[in-house]
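Number of protein chains: 2
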Amino acid sequence: MAEVVAAKEPVNVTKTAQQMGEEQREISISQFFEKNRHLLGYDNKAKALLTIIREGVDNALDACEEARILPDISVKLEEVDKEKFKIVIKDNGPGIVKKQIPNIFGKLLYGSKFHRLKQQRGQQGIGVSGAALYAQLTTGEPLEIVTSTGDGKLHRYKQKIDVKHNQPVILEDSAEDTEKWHGVRLTFVAEGVYREGKQSVLEYLKQVAVANPYANIAFDSPSGKTEFKRGADHLPKEPKEIQPHLMGVEVGIMSRMLHDTKARTMATFFTAEFSRIGTLTANEICKKASIDPKISPRKISDQQVVEIVKVVKEMKLIRPPTDCLSPLGEKLIESGLKKEFSPEWVASISRPPEVYRGFPFQVEVGIAYGGGITEPRLLRFANRVPLLYQQGDCAITKGATEIDWKRYGIESDKFPTGPVVVFLHLASVWVPFTSESKEAIANYPVIIKEIKLGIQECARKLSLYLSGMRRAQRQAERLAIFERYAPETAKALEELTGTSAKKIIDQIKKIVTEKGSEIEEEENEGDETGPGEPGGEPE
Amino acid sequence: MAEVVAAKEPVNVTKTAQQMGEEQREISISQFFEKNRHLLGYDNKAKALLTIIREGVDNALDACEEARILPDISVKLEEVDKEKFKIVIKDNGPGIVKKQIPNIFGKLLYGSKFHRLKQQRGQQGIGVSGAALYAQLTTGEPLEIVTSTGDGKLHRYKQKIDVKHNQPVILEDSAEDTEKWHGVRLTFVAEGVYREGKQSVLEYLKQVAVANPYANIAFDSPSGKTEFKRGADHLPKEPKEIQPHLMGVEVGIMSRMLHDTKARTMATFFTAEFSRIGTLTANEICKKASIDPKISPRKISDQQVVEIVKVVKEMKLIRPPTDCLSPLGEKLIESGLKKEFSPEWVASISRPPEVYRGFPFQVEVGIAYGGGITEPRLLRFANRVPLLYQQGDCAITKGATEIDWKRYGIESDKFPTGPVVVFLHLASVWVPFTSESKEAIANYPVIIKEIKLGIQECARKLSLYLSGMRRAQRQAERLAIFERYAPETAKALEELTGTSAKKIIDQIKKIVTEKGSEIEEEENEGDETGPGEPGGEPE
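First to last, the protein sequences are chains P and Z. In this text, residue positions in the first sequence follow our numbering: the first is 2, and each later residue adds one. In this text, residue positions in the second sequence follow our numbering: the first is 2, and each later residue adds one.
Among the hints, erroneous ones may be present.
For chains that are exact copies, the list does not tell them apart, and a pair is met inside one copy or across any two.
Stated by the list, open to error - Heads up, simulated DMTMM-like pairs for lysine to aspartate or glutamate below, C-alpha to C-alpha not over 25 Å straight-line:
#, residue 1, residue 2
1, K99, E27
2, K165, D178
3, K165, E251
4, K91, E197
5, K289, E274
6, K415, D405
7, K238, E335
8, K226, D174
9, K339, E484
10, K100, D178
11, K238, E285
12, K16, E239
13, K399, E204
14, K119, D324
15, K199, D414
16, K317, E84
17, K199, E79
18, K407, E495
19, K510, E489
20, K85, E251
No lab work stands behind these hints, which were simulated from the structure alone.
Please model the complete structure; the sequences and the hints are all you need to start from.
Okay, structure coming up:
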């Protein structure tokens with residue numbers, strides 16, 4: 002505030018307003034993300050490589066699963082110049098039809114996944130075109146796309162993005178014959194830095210392999226070749242595309258659905274447009290909202306929409322079906338944790354599906370303890386994709402640090418401080434990421450609540466294990482004391498009574514062990530009022 | 002993985018590819034943010050109220066400053082139904098010309114601030130229309146806009162957003178005569194929860210008042226009226242709009258600038274399109290990149306663009322001018338900290354401007370210690386706007402927790418644990434936020450570096466103060482020991498020598514004090530090799 006000027010009432014503010022008005026313009030979404038490339042995960046060169054590869058691999062896995070093909074993915078990273086990389090991502094998916102190639106890779110906010118409710122990795126229609134945008138921004142190089150749908154034709158495109166108009170610019174468009182290969186091969190040339198470690202490409206691919214054991218992933222990196230071999234030769238059951246769930250649907254969405262529906266009556270509107278609403282429930286909603294179930298959805302007033310949403314909030318609706326979600330399952334979580342960390346103990350749970358804003362979701366938790374675990378760690382996944390950045394503001398972190406771990410006998414400072422690995426997977430038909438870079442989950446209260454309930458359930462198991470461990474330890478201590486003094490005592494008794502020392506020792510040992518167990522049981526009953534009781538944790 | 006099905010090679014992947022292709026569609030930006038409302042800061046009801054008010058107040062302050070009007074802003078929050086609020090934000094700015102009203106409030110990615118490089122609060126063209134989107138989504142209610150540019154006419158609009166097409170839908174458009182009022186009054190009706198505390202509307206307005214003391218802000222909340230009175234009757238100097246700085250400009254941007262420029266030669270291209278490039282530097286760049294300074298910018302090949310960017314990276318360019326930024330200044334930071342926390346000690350510094358990706362920015366730091374401070378705290382500001390959420394992943398937090406505080410004699414566990422408040426302001430012509438909700442600054446390495454340098458500079462001052470404090474404390478301890486034993490010693494000496502005890506005490510006291518200072522100085526020299534040395538901290 003060292004330099005200030007006197008503020009005078011301007012002679013004519015209308016003129017200022019007009020000047021300001023003349024500068025108003027539309028902003029293209031490509032321009033927006035070019036200026037805000039960090040929003041897409043391109044705020045530094047090491048992260049940029051990871052983000053490009055993640056976008057490519059996510060798409061490859063989605064496409065393969067949709068076509069029911071066991072994924073075979075290869076990633077190649079080559080430093081062609083200082084901090085300039087050629088990145089090749091190849092899959093054996095269904096490929097892309099010629100007509101769609103330019104838009105999919107050359108237009109932001111374009112895609113098939115945004116408009117449907119289905120558990121997928123991609124959802125925004127920004128990811129892969131955003132990667133192309135970053136590549137052209139940093140090196141000026143076009144993206145090369147080679148694809149075939151298995152019809153014997155192979156298409157090769159080289160294209161850039163016209164940033165001002167958010168449109169593809171095609172530089173090359175050629176075709177050739179091919180054998181029966183189908184799939185997509187993308188080649189980016191972009192600025193980057195290759196590192197290995199916690200937030201690296203290698204770590205990402207490793208975690209992808211854990212959560213997607215039916216995929217084979219080959220990685221040719223500047224420091225050598227690695228292959229994450231397929232560990233299962235079956236794809237998981239395909240998650241079903243579903244209608245929105247009535248729970249949490251907002252006024253604005255309901256209005257639009259009422260306007261767009263083909264249903265002719267309110268009763269059929271509810272049963273046709275929403276998941277798991279039967280005629281009985283539909284009629285009940287109408288009755289509670291004082292609406293004739295036979296009138297047309299287009300005749301519903303704004304006030305009535307508000308009333309419907311209000312009425313629905315207070316009803317108990319059936320949970321969403323589980324077949325719209327593809328959880329990892331307890332077996333996979335536990336085997337993944339065992340393989341990676343060799344813990345002495347592991348447990349996992351899958352929560353039943355819940356709903357936020359009409360979107361079904363499901364939380365899965367695994368906890369591993371001791372053994373080869375050297376430090377506490379939180380592993381986060383969303384729709385089978387590992388999340389490596391922005392841990393600080395993720396709903397998973399929030400849930401995991403709001404638990405009162407000490408109640409479960411686990412040493413902690415917000416998060417466990419000992420050898421504990423917490424694994425958390427959120428599966429949803431629409432994951433609410435905190436930014437377009439898809440690195441952290443937004444803090445919706447109902448999601449945080451589910452995460453906490455899941456962790457608590459698992460922590461309770463760990464608590465029982467640990468208290469069992471402590472019990473065994475105390476028992477062992479008692480036996481040790483006994484073993485120290487027993488020989489002398491027995492010898493003295495032998496001299497006194499004539500009974501053999503060995504017999505006396507066996508007798509005393511038996512008494513110590515039995516008595517010890519009784520004491521333990523009493524102590525344990527006292528413990529149980531703590532974490533053992535369901536819902537014991539205040540929320 | 003409990004339920005799996007065998008994956009077979011599909012009979013015809015072409016068909017799958019075609020089906021997938023048919024589902025490809027464009028996504029409207031309004032649809033995108035409706036589904037991702039948390040990206041705009043609407044992930045819970047308490048935060049939603051704050052976000053709406055922040056968008057309104059940011060725009061009001063920007064408009065007033067641009068028209069050189071001392072801001073007079075009022076905010077009213079009224080709970081009209083359970084968790085449903087009427088939010089009125091009114092300013093005395095220049096108002097909005099009739100023609101622009103529908104688009105400014107009814108179209109996302111529309112605005113005047115995105116396309117220019119100027120330090121402003123708003124920059125994306127999403128904020129206020131995003132607030133309207135959230136209101137209509139949660140309550141179905143339109144936004145009411147009342148505005149006048151001071152020409153005697155007052156316009157009243159009620160409008161919604163056609164989400165599918167990202168277009169305004171005008172429900173009411175009326176005009177009336179008015180006295181000479183000018184400004185904007187917005188009325189939203191939206192779902193919300195009113196709270197007071199650390200991340201509240203009240204806290205936000207309080208911090209706004211600290212960073213913008215020339216604004217008068219009246220707040221009529223559900224719990225009573227508050228007024229943050231104007232503390233300065235001068236506006237800060239208006240930050241100048243500038244050209245991009247050559248440092249860090251990327252290949253993609255350079256290509257487009259070369260294509261769009263009106264300059265006829267490469268030499269004039271550099272001097273006309275970039276900040277602080279003179280003819281000498283322009284010619285030097287051309288020479289180093291082996292380009293004729295007289296050729297047309299349109300004749301530059303892709304390869305040459307890459308070469309230019311490479312050459313520029315290795316040159317030492319003049320820093321950006323300071324008049325494009327409007328820092329708070331040390332006086333304001335210190336007075337704000339004193340007013341809010343009554344510390345025993347405070348200091349601040351403003352770093353010289355730096356550049357990331359061609360965008361000038363500047364870091365300011367204040368540190369307050371002791372006194373009324375009861376707990377450590379980090380206050381974050383970007384372009385005079387307080388940041389209350391997403392502290393975990395903000396570049397400011399990263400910088401503040403990567404400092405080795407202990408080197409400065411400050412107790413810490415990543416961040417100070419004692420009574421220390423760190424205030425940090427980032428001013429920039431383009432603040433890289435981690436999401437559209439503008440709550441945290443992205444982790445660009447050069448920004449984190451500047452933040453750390455700024456905090457280190459301030460921490461050094463605190464370190465000197467604390468070591469002075471410690472010295473005084475040690476001196477006091479020595480005196481205390483002396484005072485405990487002196488009377489007896491003096492008495493014994495009096496008996497022995499005949500000199501009066503008082504005289505002897507005075508003599509010993511003098512010796513102790515002088516000797517003590519000498520010892521301190523020696524000790525201190527040893528200390529100085531630590532934080533006292535500039536650049537002593539490893540980076």
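Checked hints:
1. K99 with E27: between (31 Å within a copy, 17 Å between copies)
2. K165 with D178: neither (35 Å within a copy, 41 Å between copies)
3. K165 with E251: between (34 Å within a copy, 16 Å between copies)
4. K91 with E197: Within. Shortest intra-copy distance 22 Å satisfies the 25 Å Cα cut-off; inter-copy 53 Å does not.
5. K289 with E274: within (19 Å within a copy, 65 Å between copies)
6. K415 with D405: both (7 Å within a copy, 22 Å between copies)
7. K238 with E335: within (19 Å within a copy, 62 Å between copies)
8. K226 with D174: The answer is neither: 32 Å in one copy and 66 Å across copies each exceed 25 Å.
9. K339 with E484: Classified as neither; 36 Å inside a copy, 68 Å across copies.
10. K100 with D178: Result: close within a single copy only, 18 Å intra versus 56 Å inter.
11. K238 with E285: So K238 and E285 fail the 25 Å test inside a copy (34 Å) and across (63 Å) alike.
12. K16 with E239: This pair counts as between: shortest inter-copy Cα distance 18 Å, intra-copy 61 Å.
13. K399 with E204: Answer is both; intra-copy 23 Å and inter-copy 22 Å each pass.
14. K119 with D324: Within one copy, since 10 Å is at most 25 Å while 51 Å is not.
15. K199 with D414: both (22 Å within a copy, 22 Å between copies)
16. K317 with E84: Between copies, since 21 Å is at most 25 Å while 57 Å is not.
17. K199 with E79: Within one copy, since 21 Å is at most 25 Å while 48 Å is not.
18. K407 with E495: neither (49 Å within a copy, 65 Å between copies)
19. K510 with E489: within (14 Å within a copy, 69 Å between copies)
20. K85 with E251: Intra 46 Å, inter 13 Å, cutoff 25 Å: inter-copy only.
Taken one by one, the earlier hints fail for this structure at numbers 2, 8, 9, 11 and 18, listed in ascending order.
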